[in-house]
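Novice: Kindly produce the complete structure, drawing on both the sequences and the hints.
Residue numbers (the working numbering), protein chains in the order written: chain A, 3 to 361; chain B, 300 to 956.
Hints were generated in silico from the structure; no laboratory data involved.
Note that CB positions come from ideal geometry on N, CA and C, so glycine has one too.
Straight-line C-alpha distance at most 16 Å; calculated EDC-like pairs for lysine to aspartate or glutamate:
#1 Lys303/A to Asp759/B
#2 Lys149/A to Glu103/A
#3 Lys165/A to Asp343/A
#4 Lys782/B to Glu771/B
#5 Lys283/A to Glu248/A
#6 Lys303/A to Asp757/B
From chain B, some residues computed to sit far from chain A (all C-beta separations above 10 Å):
#7 Ala510
#8 Phe606
#9 Arg614
#10 Gly645
#11 Glu663
#12 Ser720
#13 Ser722
#14 Glu723
#15 Arg734
#16 Asp744
#17 Lys745
#18 Leu780
#19 Thr812
#20 Ile816
#21 Lys893
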Amino acid sequence: MADTLQNPNPNNISAYYQTRAAHHGVVTSDWLAQAQAAVGRHPDDVLPPEPEVKVAGKPFSVIHEFNNWRNQPDLAEAVAAIRALAAVIRNSEATTMMELEIELKKASDSLKSWDTTSISLTAGCDLFMRYVTRTSALEYEDFNSAKSRLIERAEKFGEISYKARRIIAMLSQDFIFDGCTILVHGFSRVVLEVLKTAAQNKKLFRVFCTEGRPDRTGLRLSNELAKLDVPVKLLIDSAVAYSMDEVDMVFVGADGVVESGGIINMMGTYQIALVAHSMDKPVYVAAESYKFARLYPLDQKDMAPALRPIDFGVPIPSKVEVETSARDYTPPQYLTLLFTDLGVLTPSVVSDELIQLYL
Amino acid sequence: MEARRGWRAVPKVRQVGFFTPNEPPPPARTQSGPPDSNSPPLSNSPAGNSLSPVMIPPPRHLSDNLAHRATSPLPVPETSAFRRPIPGGDRVAVVGSYNPTDSMLGASPPLTSPSSRIGDGEFSEESSPGWFRRSNSAKFASSFPGGGFDLTSIKSSETLEVEVKKPVEVPEKSGVAGAELQTESQSSSKPLKAKTTKAERRALQESQRAAKAAAKGEATGKPAISSEGAATSKPVKQQPSRKKDALPAATSVAASDRKGVDRPPEKERKKEVPPPRMQFDDKNRVEKAKKRAVVNQTEARNRVELFRHLPQYERGSQLPDLESKFFLLDPMHPAVYKVGLQYLAGDISGGNARCIAMLQAFQEVIKDYSTPPEKSLTRDLTAKVGSYVSFLIECRPLSMSMGNAIRFLKNRIAKLPLSLSESEAKESLCSDINRFINEKIVLADKVIVRHAASKVRDGDVLLTYGSSCVVEMILLYAHELGKQFRVVIVDSRPKLEGQALLRRLVAKGLNCTYTHINAVSYIMHEVTRVFLGASSVLSNGTVYSRVGTACVAMVAHAFRVPVLICCEAYKFHERVQLDSICSNELGDPDAIAKASGRMDVNYVDNLANKENLQLLNLMYDATPLEYISMIVTDYGMIPPTSVPVIVREYRREHLWI
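Specialist: In structure tokens, the structure reads:
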């Protein structure tokens, strides 16, 4: 990814969505085995080995660091960002809090500009910066201990984020009843956790998975669910309205939760939410609280564009335009509840939380 | 409407809606209590019922007699401290009339009775049975219920007073009042017994009232203090009236009806809630208020029934009258007087402009202020401010922004450390005012402009209604940033405020389209964003703004066009309003009867005095939150559901700082 370091988005292609596709898209099994071997991944492994400090030859680059972290499929984007920032602190040569803050601000800005489409990245950076400025205000200890406290906090953030998934899974158990049919869209690790926990609690339910083109995340998800012995049915994206009658609830994750209470998620979520709303089916969103962002889109085009090339399998004539946006915005009136680690919230509470957090 | 109140034995029926006021009232129903003639409130308004059309009738069991409500008489002790009458029944503001702990003008735009709690305090001093908690009447909260308070047993010191009360009341208050009253009445006396005592008391009250009316004629101008401290009924009643007498408050009318009956516990519970505004339904109260008013205003004739609770005066005579009195109004500060005249003439309009003008006038007041001997600066200054505010209200009812600013000022005055010398205190207050204007208005506007301009994209067609200073700033800023967009200005009669905005924008080089509000649904299909200003945003997300805003927002919603409200956070209020009727401002009805520049459009000229033609010129309306996509404030872009969060987080903690 060295070339992308200098020129982040040459074609406006969203690195965030590329990564997600790489993580959760359909892969061949031997590639998967290879990748697993390479990464040495364990789902519960929260503390992967310490990244080596770059020795002199190669200057420390926060983006490089971030990409290292981000490439782990099980790690949330925001956590990767915060780990990268923690690495910045560790490698920093600043001697005062102000200097450190300035360095961090620079690093955080470069991370954000490197991928403007990733909301959780931005939100994670903002959260950490907010924590840093708050801590530095209580400067009663010497610099080194403050520094180590920040690093410690960053490490803990990873655990918090992981625990967040557990909390959300627990909160949503009450909403899954025996014999229910759940429609899932996109591959969200949080939603997967929810369903896993439900299966472990011996609940009887079945899942409808949308195919999720162009990433075909649905295939991957159905794979995982089949391993849990949960009855899964795959639907093509167009079959959602057709099957909505049999569905009891819709479960989606979120790439970002915006100030209005709406969510930004994989392309297709808005469609499903509209259909569900018109048929009076509840739409539940499972999102960690660090995904709350201070954005406020007024319509679909009001966000930074996040494009992702689509491979149709056949060549497309050049005169034909393709809509390649990877995500859409679902307004709050189509969402029923949000499950977060702060509790089960209605969409209007998101702004309340954001105001308390950021103001 | 009548059917709803059929259960009540009250004979007066109020017809709501559009009808000829000269119709004879429906035949009185048989009553179980004293005859109608004995009931003061009911006998006074020939054509109108005392019930406000939007009121919820109180529980049945309270209606033994004519409409009355029982009140529990717990005086509020702390207010008594402020009831110091000012000698010489002149029109200077009385300290006692305003309760400094309570924002007088809380947020009520049309008018707030400055004396909302006066009655309580007074009576507590007098140790008379408690009265009206919320008498808005500047005069006297209780005594003669021009609004129907039943002074009944001044003599008896029973704690439970059942009062005849004009049933004009806020619904929730009446509900609670009713319930509370009810329990209290039952606990203290049996209904039957209460009935007879009520009747007796009413008769007594009637006679006292007559006597008082006679005495009042000569008593005007006499210091009220004479009766202070006396526990006798008459002096007690007269004294508050004297005190209030001194108040130039036009707002003292009728509100007492509404609140008078509430109890102290309720009042304490609602301590943080600004007092409800005064209602102008009751003729008696209006007359009384007029006597004490600085501005001589005559009630407009042919008022629309539904809006009887709002003040409306004949235009044209006020300004010359005030101008002629310029050198006579000794207690009034010239800066305040000037601002009042400007409001009356319409030279200053718009929430921010009015607020800034008022605050700057108050700065002058503070600079010229010197504490009279043996008085405390905080109390005296608060009272002075209160009187000036009531003068301003007479000129033009307050906007919410002004109400909030006044609350801030009073709060700062009250929080002055006692150790400061007078000049230090004055300086600190002046700098507080400067800081308020700077932070809450000037800087806030800059932040709003920056946020909102980020929502303007190239190729946009932006629609705005009327003339809002913040929206104008946004459009100019976005234009400076180089964004390519065009503007549609929607305007409406009679004010035609959009024309001035149009001139200014065109002068700066923006592409503008100008249209009348009739065509808003015609033009809406090409619009991509709607930017609107607001006079205030209430806690349930309702936007209170220039009349016509709701219409524009509704059409935009129907066309799925996002509506952005741009409003500084100091204009937020914790009030909740469900419709545009319960609180509004009435403008000059002649303005809608005439078209400027067209002398031939004079169809209504000779009809102005006919009784079956009523002209209604509303100034504000309420836009529900379903039509609003986002509110841009200095705290960022928030959904309309988050207004109470801002109010909660930033009012109490920072108290306007």
